[in-house]
Amino acid sequence: MSNPIKAVALISGGLDSMLAAKVVMEQGVHVEGVNFFTGFCVEGHTHAIRKRKGRAPKRNNALWVAEQLGIKLHIIDVIEEYKRILLNPEHGYGQHLNPCLDCKIFMVKKALAWGFMQDNGFDFIVTGEVIGQRPKSQRKDTMPLIAKESGAEDRLLRPLCARNLPPTLPEREGWVDRNALHGFQGRNRKPQIELALRFGFNEWAQPAGGCCFLTDAQYSRKLADLWDAQGHKDYALDDIMLLKVGRHIRPAPHFKLIVGREKGENHYLEGYRRQFTALKPVSHEGPLCLIDGAPSSADISLAARVVARYSQGRNAASVTVAAEQTDGRRQELQVAPFAPTEIPTAWHV
Amino acid sequence: MCETPEVLDARGLLCPLPVIRTQDRIAALAPGTLLDVMATDPGTLQDLPAWCRVHGHELVESAQSGDEIRIRVKIR
Ligand code: SF4
Numbered sequence: 002m003s004n005p006i007k008a009v010a011l012i013s014g015g016l017d018s019m020l021a022a023k024v025v026m027e028q029g030v031h032v033e034g035v036n037f038f039t040g041f042c043v044e045g046h047t048h049a050i051r052k053r054k055g056r057a058p059k060r061n062n063a064l065w066v067a068e069q070l071g072i073k074l075h076i077i078d079v080i081e082e083y084k085r086i087l088l089n090p091e092h093g094y095g096q097h098l099n100p101c102l103d104c105k106i107f108m109v110k111k112a113l114a115w116g117f118m119q120d121n122g123f124d125f126i127v128t129g130e131v132i133g134q135r136p137k138s139q140r141k142d143t144m145p146l147i148a149k150e151s152g153a154e155d156r157l158l159r160p161l162c163a164r165n166l167p168p169t170l171p172e173r174e175g176w177v178d179r180n181a182l183h184g185f186q187g188r189n190r191k192p193q194i195e196l197a198l199r200f201g202f203n204e205w206a207q208p209a210g211g212c213c214f215l216t217d218a219q220y221s222r223k224l225a226d227l228w229d230a231q232g233h234k235d236y237a238l239d240d241i242m243l244l245k246v247g248r249h250i251r252p253a254p255h256f257k258l259i260v261g262r263e264k265g266e267n268h269y270l271e272g273y274r275r276q277f278t279a280l281k282p283v284s285h286e287g288p289l290c291l292i293d294g295a296p297s298s299a300d301i302s303l304a305a306r307v308v309a310r311y312s313q314g315r316n317a318a319s320v321t322v323a324a325e326q327t328d329g330r331r332q333e334l335q336v337a338p339f340a341p342t343e344i345p346t347a348w349h350v
Numbered sequence: 293m294c295e296t297p298e299v300l301d302a303r304g305l306l307c308p309l310p311v312i313r314t315q316d317r318i319a320a321l322a323p324g325t326l327l328d329v330m331a332t333d334p335g336t337l338q339d340l341p342a343w344c345r346v347h348g349h350e351l352v353e354s355a356q357s358g359d360e361i362r363i364r365v366k367i368r
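Protein chains in written order, with the working numbering: chain A, 2 to 350; chain B, 293 to 368.
Please keep in mind that the hints were generated in silico from the structure rather than gathered at the bench. Incorrect hints may have been included.
Claimed, not checked - Only part of the chain A face toward chain B is listed, based on derived beta-carbon distances under 8 Å: (1) R60; (2) N61; (3) A67; (4) E68; (5) I76; (6) D78.
To be verified - Taking CB as the label site, the calculated pair distances span: (7) B:A319 to A:S297: 45 to 51 Å; (8) A:G265 to B:A320: 34 to 40 Å; (9) B:P341 to A:D235: 34 to 40 Å; (10) B:G324 to A:N203: 36 to 42 Å; (11) A:G133 to B:P297: 50 to 56 Å; (12) B:T296 to A:G133: 54 to 60 Å; (13) A:L146 to B:G358: 49 to 55 Å; (14) A:S297 to B:D301: 35 to 41 Å; (15) A:G187 to B:G324: 50 to 56 Å; (16) A:G265 to B:A319: 32 to 38 Å.
Ideal placement from N, C-alpha and C gives every residue a C-beta, glycine not left out.
The following block holds chain A by itself, in its conformation from the complex (with noise of 0.2 Å):
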């Protein structure tokens, strides 16, 4: 055959957009992957950063998924051009700060764009979406709306539930077969697990909330806090790296704390500490902190002895912290450690 039809599946690393690709590729269509990285993104090492019993083994589940079906996958860096999206959402946030149906529509978008690139040469564009599937991003009037702000028009092509939309270029065309797609819809993952089994994969990463952080309560709190202290929106890529990981104290507007919580949280803020004033326990064992912020003298100390708290002298009369400023300068604070009681709740994040 010539000129083999081509698509450009989005793939997440989750199981419906392996499966969307799929049902393609069954077909005889030629399929390769993009993926998108904001900075928000759920992949296995972010996930593994802290040490937990059985945790999935570090991976990035995109290339895995790309790797299972055997096509090419192509990520491309949207930090820069993801905070118009995140930080003025024009259909707004979902439950969190999650700015789905713009993301979405963004995400086609440059799919779009990716794909229809002179040399790149694609004709249509395939999500693993489903109707029904999440309550503000995919249901049957976003559907087409997606389709077309997008500027895919009918040239995007869900294959998990086409059967519940009106035909689209690559099913008129005969590229693919409609008889052959999917109607899924609604929240049961029922028939997207059946279909996996048919296809005999027996693995896949499943994301409860979404693909990203940004549906993740926690991290969204994390955020919004950010935004508050900031006095505005916006962010750099090290602050929602950050926020990915330990425990965040705020005692007061101007500053806060990050707690690393085991040995892998530690090491990963480890990599910032050059950034930030850091503070580590030196009589005992404990985390490394880092002080978000322009802390004072009196802040420091205050943050020595919460520092202190989470080490294993928290039981003793005093432990020996140091702090180190970004300038090098180095002091020893010898404090004692605050009382669970005495960090009021409010300054958790």
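Based on the hints, put chain B with the ligand in the right spot on chain A.
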């Protein structure tokens, strides 16, 4: 044959950024070229080989000393 590899410094970047930078760099390199990717995120040891497999590039070797990772890729 002794050829000098191209070098990509992805140290300090967290996954998947080292993979994205590698992908973008490779797009501009000719087949047969060797590329040494320097990184510090241990996730790179998993992700870069996986990315090479799905794109058909050859992973020549990967080495780690201390926190530093070096992965040599031959572009196909
Ligand atoms: S969960 Fe996150 S990545 Fe997925 S559509 Fe919503 S905002 Fe976008």
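Here is how each hint holds up against the structure:
{"no.": "1", "hint": "R60", "in the structure": "holds (5 Å)"}
{"no.": "2", "hint": "N61", "in the structure": "holds (5 Å)"}
{"no.": "3", "hint": "A67", "in the structure": "holds (5 Å)"}
{"no.": "4", "hint": "E68", "in the structure": "holds (6 Å)"}
{"no.": "5", "hint": "I76", "in the structure": "holds (5 Å)"}
{"no.": "6", "hint": "D78", "in the structure": "holds (5 Å)"}
{"no.": "7", "hint": "B:A319 to A:S297: 45 to 51 Å", "in the structure": "holds (49 Å)"}
{"no.": "8", "hint": "A:G265 to B:A320: 34 to 40 Å", "in the structure": "holds (35 Å)"}
{"no.": "9", "hint": "B:P341 to A:D235: 34 to 40 Å", "in the structure": "holds (36 Å)"}
{"no.": "10", "hint": "B:G324 to A:N203: 36 to 42 Å", "in the structure": "holds (38 Å)"}
{"no.": "11", "hint": "A:G133 to B:P297: 50 to 56 Å", "in the structure": "holds (51 Å)"}
{"no.": "12", "hint": "B:T296 to A:G133: 54 to 60 Å", "in the structure": "holds (57 Å)"}
{"no.": "13", "hint": "A:L146 to B:G358: 49 to 55 Å", "in the structure": "holds (51 Å)"}
{"no.": "14", "hint": "A:S297 to B:D301: 35 to 41 Å", "in the structure": "holds (37 Å)"}
{"no.": "15", "hint": "A:G187 to B:G324: 50 to 56 Å", "in the structure": "holds (52 Å)"}
{"no.": "16", "hint": "A:G265 to B:A319: 32 to 38 Å", "in the structure": "holds (33 Å)"}
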